[in-house]
Amino acid sequence: DAMVIQNPRYQVTQFGKPVTLSCSQTLNHNVMYWYQQKSSQAPKLLFHYYDKDFNNEADTPDNFQSRRPNTSFCFLDIRSPGLGDAAMYLCATSRIAPGSSYEQYFGPGTRLTVT
Amino acid sequence: GIQVEQSPPDLILQEGANSTLRCNFSDSVNNLQWFHQNPWGQLINLFYIPSGTKQNGRLSATTVATERYSLLYISSSQTTDSGVYFCAVVRGTGFQKLVFGTGTRLLVSP
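In order, the protein sequences belong to chains A and B. Under my numbering, the first residue of the first sequence is numbered 44, with each subsequent residue one higher. Under my numbering, the first residue of the second sequence is numbered 3, with each subsequent residue one higher.
To be clear, the hints were calculated from the coordinates, so they are not data collected in a lab. Just so you know, not all the hints are guaranteed correct.
Unchecked claim - Facing chain A, a subset of chain B residues (Cβ under 8 Å, in silico):
| # | residue |
| --- | --- |
| 1 | Q35 |
| 2 | G43 |
| 3 | S84 |
| 4 | F88 |
| 5 | K99 |
| 6 | G105 |
Claimed, not checked - Label pairs and their calculated CB-CB ranges:
| # | chain 1 | residue 1 | chain 2 | residue 2 | range |
| --- | --- | --- | --- | --- | --- |
| 7 | A | Y93 | B | Y71 | 26 to 32 Å |
| 8 | B | Y50 | A | P61 | 32 to 38 Å |
| 9 | A | P61 | B | P10 | 37 to 43 Å |
| 10 | A | N113 | B | T22 | 39 to 45 Å |
| 11 | B | P10 | A | T103 | 28 to 34 Å |
| 12 | B | Q80 | A | I48 | 23 to 29 Å |
| 13 | A | F116 | B | Y71 | 34 to 40 Å |
| 14 | A | Y93 | B | Q16 | 24 to 30 Å |
| 15 | B | I46 | A | K87 | 14 to 20 Å |
| 16 | A | R138 | B | A67 | 19 to 25 Å |
| 17 | A | N99 | B | T82 | 24 to 30 Å |
| 18 | A | F116 | B | N40 | 21 to 27 Å |
| 19 | A | M46 | B | V66 | 30 to 36 Å |
We put the CB at the ideal spot given by N, CA and C, even for glycine.
Model the full structure from these sequences, guided by the hints.
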């Protein structure tokens, strides 16, 4: 089945120690998104890649970076995690093209703990 | 920007009961999705429904775009229906950010 895969599902890192979360997709979608979700809140968009074009949300901290080496993979790098970065990180994909629905499909998420 | 409000914010049901969740949005939309976030945090697509009515098993959804609301119906609820239900909308064409509603937290007790 076509899907969005995130690894690892749970990640523990130390305060200030860089961490990378990964996302892959078999849907051949041209847009990939990273969201941050904290308890009892809706997901918050951090950035997205539209093909190879990176688009950062205005309020995304500089501490968060992303890479998309090819259509299938996208990475979220947190350069110096703080305690406030503990959250669920969700990857999503969609296809933007004439006639497409723009429906977004989400992966299972990576729950990040910062100690 | 567009505002998306959901009601009720919290809902407790006995297993087997029916329920209706509502999503109101403040402007016209091109895309509306309903999601179920399970207790493990996974966000599961339920419906893509910018207008009209769809059904999938015990769940159905209706969007009345001209009146700017959508309804999610859950019939014969089960404990596995527990979690948070989000609606999310997109305005315009091309890339537009998915704007999430405030969510409805559902607990179905045995």
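Discussion item. I want to verify a distance hint. Is the separation of the beta carbons of N113 of chain A and T22 of chain B within 39 to 45 Å?
Written reply: 44 Å, holds
Discussion item. Please check whether F88 of chain B passes as an interface residue: C-beta within 8 Å of a C-beta belonging to chain A.
Written reply: 6 Å, holds
Discussion item. For the hint 24 to 30 Å, verify it against the beta carbon of Y93 of chain A and that of Q16 of chain B.
Written reply: 46 Å, violated
Worksheet item: Does the nearest C-beta of chain A fall within a distance shorter than 8 Å of the C-beta of Q35 of chain B?
Response: Given a least distance of 6 Å, the restraint on Q35 of chain B holds.
Worksheet entry | Per-residue hint verdict: K99 of chain B, partner chain A, C-beta under 8 Å | 6 Å, holds
Discussion item. Taking the Cβ atom of P61 of chain A and the Cβ atom of P10 of chain B, is their distance within the range 37 to 43 Å?
Written reply: 42 Å, holds
Item to complete: Return holds or violated for the Cβ distance of Y50 of chain B and P61 of chain A against the range 32 to 38 Å.
Response: 37 Å, holds
Fill in: Range hint 26 to 32 Å (beta carbons of Y93 of chain A and Y71 of chain B) holds or violated
Hint holds: Cβ distance 30 Å, inside 26 to 32 Å.
Discussion item. Given G105 of chain B as an interface hint, is its Cβ closer than 8 Å to any Cβ of chain A?
Written reply: For G105 of chain B, the interface hint holds, since the closest Cβ of chain A sits about 6 Å away, which is under 8 Å.
Discussion item. For the hint 21 to 27 Å, verify it against the beta carbon of F116 of chain A and that of N40 of chain B.
Written reply: Holds: the Cβ-Cβ distance is about 25 Å, inside 21 to 27 Å.
Discussion item. The hint names G43 of chain B as touching chain A; please verify it with the least Cβ-Cβ distance against 8 Å.
Written reply: The hint holds - G43 of chain B has a Cβ within 8 Å of chain A, the shortest such distance being about 5 Å.
Practice prompt. Just tell me: holds or violated, for the beta carbon distance of R138 of chain A and A67 of chain B against 19 to 25 Å?
Written response: Holds, since R138 of chain A and A67 of chain B (Cβ atoms, about 22 Å apart) stay within the stated range.
Taken one by one, the earlier hints fail for this structure at numbers 3, 14 and 17, listed in ascending order.
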